[in-house]
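Student: Chain R is already provided as a structure; the job is to place chain P on it using the hints.
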Amino acid sequence: MRNEVRQLRTVMGLSQQELGRALGVSRQTINAIEQSRYDPSLPLAIRMARYFGKTVEEIFHVD
Amino acid sequence: MSTDHKPETTRGQRWAVPAVGLAMGVVFIAIFLARHEPGMAAGGFATMAAYVLILVMASRRSEPAALLRGQQTDERRRAINQRASTFTLNVLVLVLLAGFVTELIRGHSGHPWDVLCGAGAVTYILATIYFSRRG
Numbered sequence: 001m002r003n004e005v006r007q008l009r010t011v012m013g014l015s016q017q018e019l020g021r022a023l024g025v026s027r028q029t030i031n032a033i034e035q036s037r038y039d040p041s042l043p044l045a046i047r048m049a050r051y052f053g054k055t056v057e058e059i060f061h062v063d
Numbered sequence: 001m002s003t004d005h006k007p008e009t010t011r012g013q014r015w016a017v018p019a020v021g022l023a024m025g026v027v028f029i030a031i032f033l034a035r036h037e038p039g040m041a042a043g044g045f046a047t048m049a050a051y052v053l054i055l056v057m058a059s060r061r062s063e064p065a066a067l068l069r070g071q072q073t074d075e076r077r078r079a080i081n082q083r084a085s086t087f088t089l090n091v092l093v094l095v096l097l098a099g100f101v102t103e104l105i106r107g108h109s110g111h112p113w114d115v116l117c118g119a120g121a122v123t124y125i126l127a128t129i130y131f132s133r134r135g
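Those protein sequence lines, which keep their order, are chains R and P. Per the UniProt record's numbering, the first sequence starts with residue 1, numbered consecutively. Per the UniProt record's numbering, the second sequence starts with residue 1, numbered consecutively.
So that you can see chain R by itself, here it is in the shape it has in the complex:
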């Protein structure tokens, strides 16, 4: 699953550590999501979408 997390995070000027802290996950988890090595659960995806002010579908895409 591809996603726009890195782009949205960069636009907001956040580090992976800061985004992870805001969402209650580790920096390594943010990194794994950005590299599409880990697909987040639906609750985490929804938390991310709310944080960025987007919908889940705008952030995550199924190839």
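It is worth saying that the hints were derived from the structure and are not from the lab. Among the hints, a few may not be true.
Said to hold, decoys possible - Covered stretches of chain R, as calculated for chain P (at least 3 residues, CB under 8 Å): (1) 18 to 26; (2) 39 to 52.
What the hints assert, rightly or not - Simulated restraints, written as ranges between beta carbons of each label pair: (3) M40/P <-> P43/R: 48 to 58 Å; (4) D39/R <-> R133/P: 20 to 30 Å; (5) A98/P <-> E4/R: 41 to 51 Å; (6) D39/R <-> W15/P: 25 to 35 Å; (7) E4/R <-> G118/P: 43 to 53 Å.
Said to hold, decoys possible - Calculated Cβ distances over 10 Å to all of chain R for the following chain P residues: (8) A19; (9) F32; (10) L33; (11) H36; (12) G44; (13) M57; (14) N90; (15) V93; (16) E103; (17) S109; (18) P112; (19) A119; (20) V122; (21) Y130.
Quick reminder that beta carbons are idealized off the backbone N, C-alpha and C, glycines included.
Tutor: Leaving out everything else, chain P in the frame of chain R:
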């Protein structure tokens, strides 16, 4: 956007693995001193203490060390722990079956491998029933 989440690992959980490691070191001291083997007592405790020290020091920078320390702070880390546990279980099952079959081929009863295989099989069956009912 103040969606700050509290860490999912408490102070007690963070120190559980190091505490158990040091407790095992103390157990080694007691056992080996009772067997009049002071060198083994010191060596056993030193090994466990070194392991705990490395875990505590490395867990801030190294994710594997943090996981070995028990810091399953989010869903991905819990998934990693689950996969590692499953992999370990599969290897253990192979070792148990190999031990059981080897003992049978040698003409022995298969004990204690038979008990371990039986305990593993029963636990797996009961766990499967329990977790499938929980959904």
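Student: Evaluate each hint against the coordinates.
Tutor: Comparing the hints with the structure gives:
Chain P is given as covering the stretch 18 to 26 of chain R, and this holds because 6 residues of the stretch bring a CB closer than 8 Å to a CB of that chain, at least three being needed. Under a criterion of three residues with beta carbons nearer than 8 Å to beta carbons of chain P, the stated coverage of the stretch 39 to 52 of chain R is upheld, 6 such residues being counted. Under the hint 48 to 58 Å, the C-beta atoms of M40/P and P43/R, about 50 Å apart, fit the expected range. For the pair D39/R and R133/P, the supplied restraint of 20 to 30 Å holds, since their beta-carbon distance comes to about 27 Å.
In this structure the supplied range 41 to 51 Å holds for A98/P paired with E4/R, their Cβ-Cβ distance being about 49 Å. For D39/R and W15/P, the Cβ-Cβ distance of about 32 Å falls inside the hinted range of 25 to 35 Å, so the restraint holds. Checked against the hint of 43 to 53 Å, the C-beta distance between E4/R and G118/P comes to roughly 52 Å, which is consistent with it. No beta-carbon of chain R comes within 10 Å of the beta-carbon of A19/P; the shortest separation is about 22 Å.
The beta carbon of F32/P is kept farther than 10 Å from every beta carbon of chain R, the shortest such distance being approximately 39 Å. No Cβ of chain R approaches the Cβ of L33/P within 10 Å, the least distance being about 41 Å, so the stated non-interface status holds. Look at H36/P: its CB is around 47 Å from the nearest CB on chain R, clear of 10 Å, so calling it non-interface holds up. Here G44/P stays apart from chain R, with its beta-carbon at least about 33 Å from theirs, past the 10 Å limit.
The claim that M57/P is not at the interface with chain R holds, since no C-beta of that chain comes within 10 Å of its own (minimum 18 Å). Every C-beta of chain R lies more than 10 Å from that of N90/P, the closest at about 22 Å, which supports listing it as non-interface. A cut-off of 10 Å between C-beta atoms confirms that V93/P is not in contact with chain R; the least separation is 27 Å. Distance to chain R confirms E103/P as a non-interface residue, since its nearest Cβ pair spans about 42 Å, more than 10 Å.
Residue placement check: S109/P keeps its beta carbon more than 10 Å from all beta carbons of chain R (closest about 47 Å). Look at P112/P: its CB is around 40 Å from the nearest CB on chain R, clear of 10 Å, so calling it non-interface holds up. A cut-off of 10 Å between C-beta atoms confirms that A119/P is not in contact with chain R; the least separation is 33 Å. For V122/P, the shortest C-beta to C-beta distance to chain R comes to about 32 Å, beyond the 10 Å cut-off, and the non-interface label holds.
Chain R leaves Y130/P outside its interface by the beta-carbon criterion, the shortest separation being 22 Å against a cut-off of 10 Å.
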